[in-house]
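With chain B held as given, fit chain U onto it using these hints.
Chain order of the listed sequences is B and U.
Numbering-wise, full-length UniProt numbering puts 381 at position 381 of the first sequence, and it's gapless, one number per residue.
Numbering-wise, full-length UniProt numbering puts 416 at position 416 of the second sequence, and it's gapless, one number per residue.
Covered stretches of chain B (in silico footprint by chain U; criterion: 3 or more residues with CB under 8 Å from a CB of chain U, positions within the stretch not fixed):
| hint | segment |
| --- | --- |
| 1 | 237 to 251 |
| 2 | 431 to 441 |
| 3 | 445 to 451 |
| 4 | 466 to 479 |
| 5 | 488 to 502 |
Hints listed in this document are in silico derivations from the structure and should not be mistaken for laboratory results.
For each residue, glycine too, the CB sits at the ideal point set by N, CA and C.
Read off the chains here:
2 protein chains.
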Amino acid sequence: MVAGRYVSSESRVFHAINAATGESLPGDFYPATEQDADDALKAAQGAFKEYRLVGNERRAAFLRAIAAEISALGAVLTERAVAESGLPEARISGETGRTTGQLNLFASLVEEGSWVDAVIDTAQPDRKPLARPDIRKMLNPVGPVVVFGASNFPLAFSVAGGDTASALAAGCPVIVKVHPAHPGTSALVGAAILKAAAATGMPEGVFSMLYDSGYSVGEVLVGHPLTKAVTFTGSYKGGMALAKLAAERSTPIPVFAEMGSINPVVLLPGSLQKRPHELASKYAASITLGAGQFCTNPGLLLGIKSEGLDSFISELSKLMSEIPSATMLTPGICKNYHTLSEEVLQEKGVSLFARSEKSGTAEFSQSAAILAGVTATEFISNPRLREEIFGPYSLLVLAEDEAELEQVVASLEGQLTVTIMGEEEELETYTDVIDSLSQITGRIILNGVPTGVEVCHAMQHGGPFPATNDSRFTSVGSDAVYRFVRPLAWQDWKNELLPPELQDGNPLAIWRKVNNNWTKD
Amino acid sequence: MVAGRYVSSESRVFHAINAATGESLPGDFYPATEQDADDALKAAQGAFKEYRLVGNERRAAFLRAIAAEISALGAVLTERAVAESGLPEARISGETGRTTGQLNLFASLVEEGSWVDAVIDTAQPDRKPLARPDIRKMLNPVGPVVVFGASNFPLAFSVAGGDTASALAAGCPVIVKVHPAHPGTSALVGAAILKAAAATGMPEGVFSMLYDSGYSVGEVLVGHPLTKAVTFTGSYKGGMALAKLAAERSTPIPVFAEMGSINPVVLLPGSLQKRPHELASKYAASITLGAGQFCTNPGLLLGIKSEGLDSFISELSKLMSEIPSATMLTPGICKNYHTLSEEVLQEKGVSLFARSEKSGTAEFSQSAAILAGVTATEFISNPRLREEIFGPYSLLVLAEDEAELEQVVASLEGQLTVTIMGEEEELETYTDVIDSLSQITGRIILNGVPTGVEVCHAMQHGGPFPATNDSRFTSVGSDAVYRFVRPLAWQDWKNELLPPELQDGNPLAIWRKVNNNWTKD
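Okay, chain B solo, but in the shape it has when bound:
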C-alpha cells in the first residue's frame, strides 16, 4: 500500500499462517519491490511539508480517527490477530485497547502542544559589551520514518503501534515494513489508517505499508536517502543488522532498535524468608505471561542461598510445571525457543528445576515453560547464560553471599528493566547493589514484575546496550515522540512569521521555558 494505492508489482505471493495449526489463512500478500519502496518514500517526502504544517488540531484528529477506525474493526480484527499470532483473545482485545489508547494519548499530547519544548530567551539590547539577540527554539519533525512491525505485538508495536503513533504525532510521515507473521492483521489496520487519513484530509503520502516475506525491502527502506529515522523491536541480530546498514549510509540516520534483555530480578533475603510463596506465584505468572514473549520477560532470577530461597524455588518449580502450554507466535520462534532452552540445559552446571507439559496435537507451536538453576560462579564464567531466550524460560542464579551477588550484578550487560524484591527494612543494606543495578538499566522496579509496561509520560522503555542501541530514548510512553525531532532556533525573527509555539503572547497556551522558567504566560 503506497500512499493510498494498493499495488502488486511482484507476481510472487505469500500467505499468512495460523500460528496454532500451521494452516494457511485466507488472503494473498505481495512482496514489495525496490520501486515500491522508492515510491513510498518519495510520496512521504512530498507529504512531509503539508503534514508537518497541518496544525495540532488536525494532526490530533487524524490520530483519533485511526484509533476509532481500529476500534470499529471489532471482532474481525480480533479473530484475525488471534489466528495469526496464536495469542489468546483476551490478550488481543487488551492489546487493541492499548493500541487505540496510545493513539489517543499521542493525540492529546499534540492537542496540548507543550511537547515541542519551546525555549525562549528574550533580547537584551542594552547588554554590554554586546547586545543579546532574541533566540527561540522548539522541536521539529525530521521527515519520513520507517517502522518495522514487531512479531510479539501484532497491534501495539506494529502497523499502528507506538512507533507509528509517535512518529505521526511528531509530524513525520510513516512507512511500515509489515512483519510477515501477521500480514492479515496488518492489512486491516493499514486500511483503517487509510480511511482515517482520507476522512481527516491528510496528504496521501503520510502513510505507506510494504510487505516482504524476506529482508530485501527492509534493507532498501533503511538505505534510502529520504529515510530520516528507523524504529525496530525484535532480536539483537535483527536490530544490529539494521544499525549496521544505517551506519553504511553516506548520510547517517538514527536507528532505534529495542533488542530485548533478560531483565534480572534480585530476590533479597528478607522477602524470600517472609513471603517465598507470594514471590513464586507472582513470578510464575510473569515468566509465562503471553508465553514469555515479552521484551521485559524476567529471564534471570538472582538470590542468596537460604531456606527462603529453597522454599521459593520449590514453589516456583511446582507452579511453573503446572502452567498449561501456550501457542507461540510462529513455528520458527517456538522451534528456536526449544532449541535454545535445551542447549542451555546442557551447559556446565545448569540444572532443570521445572518444565511444564506440552499439550494439544500441534506440538510444533506449543511452548513448555522452563525454570533452570545455576551457581553464581558458573553463571559469571559463562557469557552464554546471559543471553536472552525468547519464551517462558527463566534461569535462577544461586549466590553464596552478598559479595557473590554483587559479582553477578557486575557481570551483567545493559537491560530494559531490573527488579528488586525486598522488605522495606532490608533495602538500606543493599544500596550498593541497587546503585550498581541502576547503572545498567532503563527502568528499576521495586516489588513488582517487569512485564506490563505502563504507557505514560514517565515511562522509560530503553536501556543500555545491548538492550537497545541507544539508551537515551524510549519506545514506550509519550516521550517516544522525541525520537523523531530535532531543535531549530530562530534568531531575532519577526513575531508573526514565527511558528505559533514561539510567538509572543503564547497563542497556543503551551508550557514554555521563557528566560529559564517554565510558564504558560
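The following block gives chain U in isolation, referenced to the frame of chain B:
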C-alpha cells in the same frame, strides 16, 4: 596529566609553535601512550560513582572554582594563547570571558537543578482493569566523556570549554585530548582544573588530559570500552573519522561531531535595494572576523541579480580588499586556506571580486580575505563550490530570479546556520524559501550575522548532516548538557531511597512534570 598526576612515559617530545612567527615556544610536551589513555579511563570510571553522587552544590562549586582559577591566570594565559593561536589579545580576553561564563552558566544550571527533566506519574491504585504503578524518571550521567580540543577556540572549545563544562555539569568525568596547536594554553587550563578539583574535594579521576602530536591517542580513547561519549569540533574529515571509529566498537557510543558549514546568507531584493552599503559593511566584518576561522562564518551569499546586488558587491569588494591580513591559527590551516581558495577560483565560472593584501614578513601565517562570485547555474552543477573553505572567504551566488534562488537553496546540504537579510514587508513573499531554508539548518537568523553564537538556553548550535553528524543535540548553550545523559525510570520505589529530584515534597524545589504539568510543588 592522568587523574591528577603528570606522567611522561614517552621519550619523544614536541613543542608549541608561535602561530605568527613559526618559532618554537618554551615547554616540553610528551605524547601520551596507550597505557596513559587506559589509566585515564580507568581513573575516570573509578571517579564516576563518587562524582555523579556528589550533589548539586558541590558539583557547581567545582565548576565555579575552575572558572575562578582560569580567571586568576590572567595575563600569563592570554599571552600564551595569543602566541599559540595567533588570535589578537582582545579576542583571547573575550574568549576567556566566554569560557568562564560557560562554566558559571553550567554551575547555575546544576545548582538550580531542573535540567534533569524530572517526570513523575503518580500511582492510580484503583484504575481498572489494572492499577497504575508510580513511575518517576530523570536524566542520569552516562559515564566518562572524551573531549577533543578544537583549534579555533583555544579556550572556549578546548580543555575547559563548553564540552568539558557541560559534561562535568552532567556528572560525567572528562578526558581531554589536547589540540596540538595550543599545548601550553592547555597546560595552564588543565592545571587550573586540577587546582579546582583539589580545592573542592573532587575525586582525582574526574579529569585527565592527554597530549599527542598525531592521531593515535585519540583513536585509543574513542575505542576504549569505558568511554561513553565523544565530542569533537573541527573538520568534516576529522569528525567522520571519529564517528567511523565509534561505529566499529562492539558497544556503540555517540560521537558528537560539529564539522562546520558554509552558513548561507540570502539577501532579499528589498534590502539590497534599500541598504546595500549597510549589508556590505556588516558582512565584510562577519566574513573576516577572527580571520574567518569560525564554524558559523558566512561562506555563501545568495542574491537575485539587481542594481541593489551590484551596489552590494561593489561595496563589499571594496571593504574586503581593504581588510588587513591576519595571523591564522596554524601554518597548516593558512596553507590549506590559500590552496583551497585558489583552487576554487580556477573552477568553471568562478570569478574573483576581491582579494586583500597580505602584510608583514611572515607570509606563511597571514590570510588574505577573498570574495568570489558565480552564477546560480554553475553553482548548482558543481558540488565542490558547496564545500567549506576555512578562512576569510565567501562565495556570492547570483540568481536570475526567485525560481533560480529556490533551486540554489534546494542544492544545499545541512548547515549550522542560515541567515535572511530582508525588509519586513518582503518576507511574506519569500515564505517558501524561508521554509525550505528552515529544513536544512539548526539556527535561522533574520537581519543579523551568523558569527557570534550566544551562549543561552535557547541556542541550537548543531544542524543537519554534514554540519554535524547528529542534529538532535547542541554543542553551545545550556542544552549541551543533554549530550551526556540518559533517562532512568523508578517504578513503585520507596520514597526515601529515590534520588532527591524525584522524592515526594520536591526537596530540591526544582521544576518537575508531575502528571503532565510543570510545577515546583
